[in-house]
Amino acid sequence: MTHPMAWVQAVEKLGNVNVPPRAKCLRTIVSELERIHSHLLWAGIAAHVIGFISVFYLIWNSREKVKDLMELTTGHRANYSFNTIGGVRRDITDLEQIYKILNEVEEDCKSFIDIVMNDKTIELRTKGVGVLTKEDAITYSVVGPVARASGISQDIRKIDEPGAAYDMVDWQVIVSNGCDVFARVEVRFLEILESIHIIKELLKIMPDGPIAKEIRPIIPEGTSIGRHEAPRGEDVHILVSDGSDVPFRHKIRAPSFVNLPALSAMLPNNDLANATLIVASVDPCLSCTQR
Amino acid sequence: MILNIIILIIEVAVVLGVLLLHVAYAVYFERKILGHIQARLGPTEVGPLGLFQPFADLVKLFFKEDNIPFGADKFLFTAAPVIVVTCVMTSFSVLPFAAGWVLANINVGLLFILAMSSLGVYGIIIAGWSSNSKYAFLGALRSSAQIISYEIPMGIALLAVLIMTGSLNLSDIVYAQDKLPWGMFIFPQIIGFFVFLVCALAETNRTPFDLPEAETELVAGYLTEYSGFRWGLFFLAEYSAMYVMSSMLTICFLGGWTLPPFLTNLLPILNLVPGIIWFLLKVYAIMFFYIWVRGTVPRYRFDQLLKIGWKLLLPLSLTNLFIIMIIKKVFMP
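Chains as they are written, first to last, in this note's numbering: chain P, 1 to 291; chain D, 1 to 333.
Quick caveat, the hints were computed from the structure, so don't treat them as lab data.
Fair warning: this is a prediction, and the values are worked out from it, not measured in the lab.
The C-beta atom is built at its ideal place from N, Cα and C for all residues, glycine as well.
There could be a bad hint or two in this list.
Keeping only pairs whose Cα atoms sit at most 30 Å apart, straight-line, the calculated BS3-like set for lysine-lysine is [what the hints assert, rightly or not]:
1) K74/D / K64/D
2) K134/D / K60/D
3) K311/D / K127/P
4) K65/P / K120/P
5) K251/P / K127/P
6) K311/D / K328/D
7) K134/D / K179/D
8) K127/P / K134/D
9) K311/D / K120/P
10) K179/D / K127/P
11) K65/P / K13/P
12) K134/P / K100/P
13) K328/D / K120/P
To spell it out: a stretch of chain P is covered by chain D in this simulated footprint if at least three of its residues, at any positions, have a beta carbon under 8 Å from a beta carbon of chain D; those stretches are [claimed, not checked]:
14) 121-131
15) 145-153
16) 233-240
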């Protein structure tokens, strides 16, 4: 969901396409669902890394509910094919079910936050581990939850998402000054709650209307940059068009590509046991870095 | 003479057979309980309620390829699981399961069990060293450091039991508890009980002290290069060690096969129930506690683990010893 978001926004910028407001809301809802699922997946893996297998199972059970919701809204569980240039491909009809599952997930997340934030052993394992100071975070130009956990209030959703509806609702950028693994856990969990808040607000104010432009625009010659706040951080797509019906060049920079080098600032002077935890704390997607 | 030997052999075979059955179902028990704690079902496929799962696993382990890694010390690699299993299994010979139900009623039973659990460490170190793998070696080093550190508070906690009883014979320890009106050493040795409980978790490499086999750090610790039936032997040893530790807790602190006298005076019908039932109930209660802990606690880091052992459990066990010495001197001269 996140890569198509960045891609269609790049194309829409170049082709000067206005997305219908209902399509904007739908895009935002699905990309926030994607964030919830991604953060839950990460939290489960983090629990597994510190040997908390029960929490791993509980979190992934909850993620399963989000996946069901994805199937309900987009028709697919993993590769949604939801976005199209100038809109989306499917409309939401069954609001009852969405509210029901969202409330369940919210309850689950609150109990996870209660477990994770108050557990003495988790505190012992994560507080003061893998510190990435604000200065280091700026030097390595990290993005996403890793940057926000180091006290940098940086979020593309607030700055540059013309194709999405983030400006239609009121929401907070979650920032923590902890700079350690614990802060990254905290930021991600609170972001889940914030995402649920965004979705609920959008469902309330979602206007009626078309969900896509009927006529595909002709993309002129030029260059444009599409950005989207992926669950792991800022995702950048650069489109160079020569005016034909295929892109001349399409460059992708995934968030893990900039987050991974910051490990060289977090890892020194740590135990072997901390190393796995620190690497997991930036939510690395190694396949994403090779593009 | 020969008849005695034959009877002894039959006894050993029966104890071993019953024990292996218990170990097989301890694995089932654990998978089922852990499954329900973690919102899963556990084994359900093999037989009704998955009850034949242990046998399916056993058959699978038997038919797996016997793999010895390149560069490993063949002799030691094959000897290590045998050492571990032998040490654990030998411990059962001195455990009294009920009044008179003991294979070897020797006078140094307590020391024998401590000695066997210490000897078992050799098997683990040899396993780690002979595998010719860095993960196995690191796991073995961790395991040995952990077991040696936690044996000290454990020994001191048992020393307090020794002061109360005046005998190293495990049956005598149970009889001594039976003389108390409340029938258990857990009072006043509640600190000693707690120390032993935590140390038993560490001695058997159970969560939250399962660092020697922390899969996200060391693949599988000293077990990394083992597969098939050799791995099965280690597994058997681990679960048997859980039984040894649970039995030790039952015998030394919970009154073994006896019930508290105030209970039997209240309900004389309880005397008709054989002692082995009470013994097994107590052992399984502790086993359930082990599994419960595994389902609710994350793993510690290695330095934190050693810190708990030396800075928390050792002073606690010494305090316990001191309190028991005073109680013994003042109230039970």
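key: Pair hint K311/D and K328/D, alpha-carbon separation not exceeding 30 Å   = Holds. K311/D to K328/D sits at ~26 Å (cutoff 30 Å).
ask   = CA of K251/P to CA of K127/P, is that 30 Å or under?
value = violated, 38 Å
key: Straight-line alpha-carbon gap K134/D to K60/D, limit 30 Å   = holds, 28 Å
query = Would the pair K65/P and K120/P pass a check requiring their Cα atoms to be no farther apart than 30 Å?
reply = Holds: K65/P and K120/P sit about 29 Å apart, inside 30 Å.
ask   = Do at least three Cβ atoms from the region 121-131 of chain P come closer than 8 Å to Cβ atoms of chain D?
value = Since 4 is at least three, the answer is holds.
Distance restraint between K134/P and K100/P, which requires alpha-carbon spacing of 30 Å or less = violated, 40 Å
key: Restraint status (C-alpha distance of K311/D to K120/P at most 30 Å)   = holds, 17 Å
query = the region 145-153 of chain P covered by chain D? Criterion: 3 or more residues, Cβ-Cβ distance below 8 Å.
reply = Since three or more residues must qualify, the claim that chain D covers the region 145-153 of chain P is violated, with 0 doing so at under 8 Å.
query = Holds or violated: the region 233-240 of chain P covered by chain D, criterion of 3 or more residues with Cβ-Cβ distance under 8 Å?
reply = violated (count 0)
ask   = For the pair supplied as a hint, K127/P and K134/D, is the alpha-carbon distance within the 30 Å limit?
value = holds, 29 Å
query = Does the alpha-carbon distance linking K65/P and K13/P stay inside the 30 Å limit?
reply = Given that 30 Å is the threshold and the Cα spacing comes to 34 Å, the pair is violated.
request  = Take the C-alpha atoms of K134/D and K179/D, compute the straight-line distance between them, and say whether it is at most 30 Å.
outcome  = violated, 53 Å
Going through the hint list in order, the structure does not satisfy hints 5, 7, 10, 11, 12, 13, 15 and 16.
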